[in-house]
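Participant: Going by the working numbering, the residue at position 68 of the sequence shown is 1227; the numbering climbs one at a time, nothing skipped.
Treat the hints as calculated values from the structure; they're not laboratory data.
Among the clues, some could well be false.
[To be verified] Here are the computed lysine-lysine pairs in the BS3-like style, where the Cα-Cα straight-line distance is at most 27 Å:
no., residue 1, residue 2
1, Lys1245, Lys1205
2, Lys1168, Lys1204
3, Lys1256, Lys1168
4, Lys1247, Lys1205
5, Lys1218, Lys1168
6, Lys1218, Lys1245
7, Lys1245, Lys1168
8, Lys1267, Lys1168
9, Lys1204, Lys1218
10, Lys1205, Lys1218
11, Lys1247, Lys1204
12, Lys1204, Lys1245
13, Lys1247, Lys1267
14, Lys1247, Lys1168
15, Lys1204, Lys1256
16, Lys1247, Lys1218
17, Lys1267, Lys1245
18, Lys1218, Lys1256
[What the hints assert, rightly or not] Restraint ranges, calculated between C-beta atoms of paired labels, are given here:
no., residue 1, residue 2, range
19, Thr1232, Gly1212, 15 to 23 Å
20, Asp1217, Met1160, 20 to 28 Å
21, Glu1214, Lys1267, 30 to 38 Å
22, Gly1174, Asp1217, 31 to 39 Å
23, Asp1246, Gly1185, 14 to 22 Å
24, Asp1201, Lys1267, 28 to 36 Å
25, Gly1288, Gly1172, 32 to 40 Å
26, Arg1220, Ala1184, 28 to 36 Å
27, Gly1185, Gln1163, 27 to 35 Å
28, Ala1221, Met1160, 35 to 43 Å
As the structure is a computational prediction, the values presented were derived from the model and not from experiment.
Here a beta-carbon is modelled for each residue, glycine too, at the ideal position from N, C-alpha and C.
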Amino acid sequence: MSWQEYVDKSLLGSGNLDKGAIITAGGDAIWAITPGFDIQGDETKKIAAALAGGEAEDKMRADGIYIAGERFTFVQSRERHIYGRKDKEGIVIVKTKQAVVIGHYGEKVQPAHAASTVEQLADFIIQSGY
1160 MSWQEYVDKS LLGSGNLDKG AIITAGGDAI WAITPGFDIQ GDETKKIAAA
1210 LAGGEAEDKM RADGIYIAGE RFTFVQSRER HIYGRKDKEG IVIVKTKQAV
1260 VIGHYGEKVQ PAHAASTVEQ LADFIIQSGY
């Protein structure tokens, strides 16, 4: 499967997400993305830096998560993920060894279902060596 197929089938095909992307762990390239999900290069770099922890994560926690020009409130982070909300929509970001999986869900989706979908794809990518 190609990276784009993972976004299209595993993320969007679940029905739990309406937009998705897979970027490099360093945030310097986008491997696959939903058309119209206009994530900018500086946004990917900030996401990658925040997932590494430290000051970048603290700044994102204070300023919010910016994805495709939209601001999401920083809800929580753990060792490999960051979750954000904007009204009834949300964002799930999960890091693997070499990639970051990003999923956006709409207001009719339970956040836990969206998170599970992104986490499962990230687990699969890790098992595949990425």
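Participant: Look at each hint and say if it fits the structure.
Facilitator: Hints versus structure:
Restraint check for lysine 1245 and lysine 1205: the C-alpha separation of about 18 Å stays at or below 27 Å, so the hint holds. Taking the CA atoms of lysine 1168 and lysine 1204, the gap is near 25 Å; set against the 27 Å cutoff, the hint holds. Distance restraint check for lysine 1256 and lysine 1168: the Cα-Cα separation of roughly 21 Å lies within the 27 Å cut-off, and the hinted pair is therefore satisfied. Proposed proximity of lysine 1247 and lysine 1205 is supported: the alpha carbons are some 23 Å apart, at most 27 Å.
Between lysine 1218 and lysine 1168, the direct Cα distance comes to roughly 33 Å. Violation of the 27 Å bound is thereby established for this hinted pair. A threshold of 27 Å between alpha carbons decides the hint, and for lysine 1218 with lysine 1245 the separation of about 18 Å falls inside it, so the pair holds. Taken as a hint, the lysine 1245 and lysine 1168 pair is honoured in the structure, with Cα atoms around 25 Å apart against an allowance of 27 Å. Distance hint between lysine 1267 and lysine 1168 is fulfilled; the C-alpha atoms sit about 20 Å from each other, no more than 27 Å.
Restraint check for lysine 1204 and lysine 1218: satisfied, since their Cα atoms lie roughly 13 Å apart, inside the 27 Å limit. About 10 Å separates the Cα atoms of lysine 1205 and lysine 1218, which keeps this hinted pair within 27 Å; it holds. About 26 Å separates the Cα atoms of lysine 1247 and lysine 1204, which keeps this hinted pair within 27 Å; it holds. Of the supplied pair hints, the one linking lysine 1204 and lysine 1245 holds, its CA atoms being roughly 21 Å apart against a limit of 27 Å.
Between the alpha carbons of lysine 1247 and lysine 1267 the distance comes to roughly 8 Å, so the proposed pair stays at or under 27 Å and holds. Distance restraint check for lysine 1247 and lysine 1168: the Cα-Cα separation of roughly 24 Å lies within the 27 Å cut-off, and the hinted pair is therefore satisfied. Distance hint between lysine 1204 and lysine 1256 is fulfilled; the C-alpha atoms sit about 16 Å from each other, no more than 27 Å. For the hint linking lysine 1247 to lysine 1218, the alpha-carbon distance of about 23 Å falls within 27 Å, and the restraint holds.
With a C-alpha separation of about 13 Å, the suggested pair lysine 1267 and lysine 1245 falls inside the 27 Å cut-off, and the hint holds. Taking the CA atoms of lysine 1218 and lysine 1256, the gap is about 23 Å. The hint holds against a cut of 27 Å. About 19 Å separates the C-beta atoms of threonine 1232 and glycine 1212, a value consistent with the hinted range of 15 to 23 Å. For the pair aspartate 1217 and methionine 1160, the beta carbons lie near 36 Å from each other, so the given range of 20 to 28 Å is not met.
Under the hint 30 to 38 Å, the C-beta atoms of glutamate 1214 and lysine 1267, about 36 Å apart, fit the expected range. Checked against the hint of 31 to 39 Å, the C-beta distance between glycine 1174 and aspartate 1217 comes to roughly 35 Å, which is consistent with it. The beta-carbon spacing between aspartate 1246 and glycine 1185, approximately 31 Å, falls outside the hinted interval of 14 to 22 Å. The hint said 28 to 36 Å for the Cβ distance between aspartate 1201 and lysine 1267, and at roughly 31 Å that hint holds.
Take glycine 1288 and glycine 1172: their Cβ atoms lie about 23 Å apart, and the range 32 to 40 Å is violated. Taking 28 to 36 Å as the suggested C-beta distance range, the pair arginine 1220 and alanine 1184 does not conform, at roughly 20 Å. Hint check: glycine 1185 to glutamine 1163, Cβ distance near 20 Å, so the stated range 27 to 35 Å is violated. For the pair alanine 1221 and methionine 1160, the supplied restraint of 35 to 43 Å holds, since their beta-carbon distance comes to about 38 Å.
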